[in-house]
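Protein chains in written order, with my numbering: chain A, 1 to 274; chain B, 1 to 292.
Simulated from the structure, these hints should not be mistaken for laboratory data.
Please note that the accuracy of each hint is not assured.
[Unchecked claim] For lysine-lysine, the following DSS-like pairs were computed, each having C-alpha atoms within a straight-line distance of at most 30 Å:
hint	chain 1	residue 1	chain 2	residue 2
1	A	K98	B	K14
2	B	K286	B	K210
3	A	K140	B	K14
As a plain string of letters, each chain reads:
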Amino acid sequence: MNEKNKAKVMIYNLFLILLALVTIVPFIWMFLSSFAPNSEIVKIGGSFFPTPTTLDNYMNIQEKFDFMRMFLNSLLISIVITAIVIYTSALIGFIFAKFNFRGKSLLFGVILSTMMLPWAVTIIPKYEMMEVFGWMNSYKSLIIPAMTSGFGIYMFRQAIEQISDEMMEAARIDGASDFFIFHRIILPMSRNTISSLAIFQFLWCWEDFLWPYLMINDDSKQLLSVGLRLFNGQYDTDYGGLFAATSISIIPVVVIYLIFQKQFIAGVATGSGK
Amino acid sequence: MQATSKKLQFINLKNITILFVIVYFSIFLIYPIYKAFAGSLHDWNPMIDQYDFVGLDNFKNVLSDKLFWKSMSNTVFFTTFSVFFRIVCGLGLALLIHSKLTRARSFFQGLFYMPTITPIVAVSFVWTWMFNPQFGLINKVFNLDINWLNDTKYALPAIILMTIWKDFGYAAVIFLGGLMSLPEEVFEASNIDGATGWQRFRYITWPLLKPTTLFVAITSLITYFQAYIQILIMTEGGPGTSTYVISYLIYDEAFVNYNFGSASAMSILLFIVIGILTILMFKVTKEREKTI
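The shape of chain A in the complex, shown without the other chains (with noise of 0.2 Å):
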């Protein structure tokens, strides 16, 4: 029994191990590509990783390309859109979890129903209304259709019902008004559901294509996710300078997820998926 135990330690261990190299090989790979020379990379017949011996094609893609620039303009965009949209989320999960209405569970079937609605339908609409509205090549056109989030919405409703009502009416009772009330109380307790929707949210604001590079013209405005399509396209064999760049256009959400990753892990867990 002993024996058998051990050899079974043994064998999923070393599966958990392969999967993990599996998925962190790509990444090493990259990583190490991004300090090798061009010549180095395409070397028929090299080792799997190539020797990381330069750091010329970080300083080559900046000279190229203002990468710089547009990795700041991603930044930007990414933060404003996160925190209003984290606001938006709560304030609306909020009301929507401790009010009653009318039209209350007509106008919660519409938020929801975002999330199953492909952004296929409303793109080109869309497009048009920000042709009509002349917010093209602006930043309005990133971020005021982007300033809710149902599954946001979602997430917060259910994270706040569980608050307790008692809670609400002794400080009701206290005097607080509502809108003490969801400042003071609600976001303070909503950490957890905070970080979760910090870490979605900014990832897929951050790996947006296609609605800015539809929306912006300029190259001084343009984010990064458009960008990196760009260079490779003015570049296309420089791959030196391609692994640079996408070395650093990974790094933003890394951090992101770093500081967020221990309350988003208990999200998860109590979360969603039931």
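Since the structure of chain A is already known, use the hints to place chain B on it.
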């Protein structure tokens, strides 16, 4: 006097929020949906300012278009395999991490989450190079000589492989959440009864995890039916039309050819297909539960 205080009472957090929701969703959701339906009945090209009513012609043309059906069958192929392997790999990994026999769980949990939090544009580029026949890692490691993304046989499977790699970690985290919420007593009882690992999985874990599996299946289905970025970056539908999927075709028709009318018609067909499939999945699982 009373009138003004009533007015003031009306202006509170609740009503302002509800008003905001109604106005905002009317502009950015209801109107666009209406406009997509209306547009699908028109010959609509913004480049030449054309917007002429043509009835159901767009739908007729789309449904008799070979590329549309090719894209649909590619989409079904892509979605079926991606959903299936995402669930199998995700569940397998969750069981491995959950079992008491493995170590460093939180480390692994963080690690397997890496691909999920990596932007899909970046992942698509990395895998384009991984599949490169000259210097790509895949051919080197497995000692193969395949031009993955330029071969009609291998291009779509290659994209599926990359998609599973990106997404199975997220499925694992959700399954892990499901596993952790299961009552401990059931497992203890089965341990005493001497059930084997497989029996325990087949008759206890799997049925109890059904809601989680359904959740993963439906959200994956909706996502994969609309996936297009990996196609846009890695193959642009090629070689030939071998990796055209429905969402890429809609993008192509709308923003390359500017046929907004027929693109709207396709998007509505896609919406209907996704709706039907979601309802079917719910129904099938409910029926099964009844028979058990």
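A quick look at each hint next to the structure:
| no. | hint | in the structure |
| --- | --- | --- |
| 1 | A:K98 - B:K14 | holds (10 Å) |
| 2 | B:K286 - B:K210 | holds (10 Å) |
| 3 | A:K140 - B:K14 | holds (26 Å) |
The structure is consistent with each of the numbered hints, conforming to all of them.
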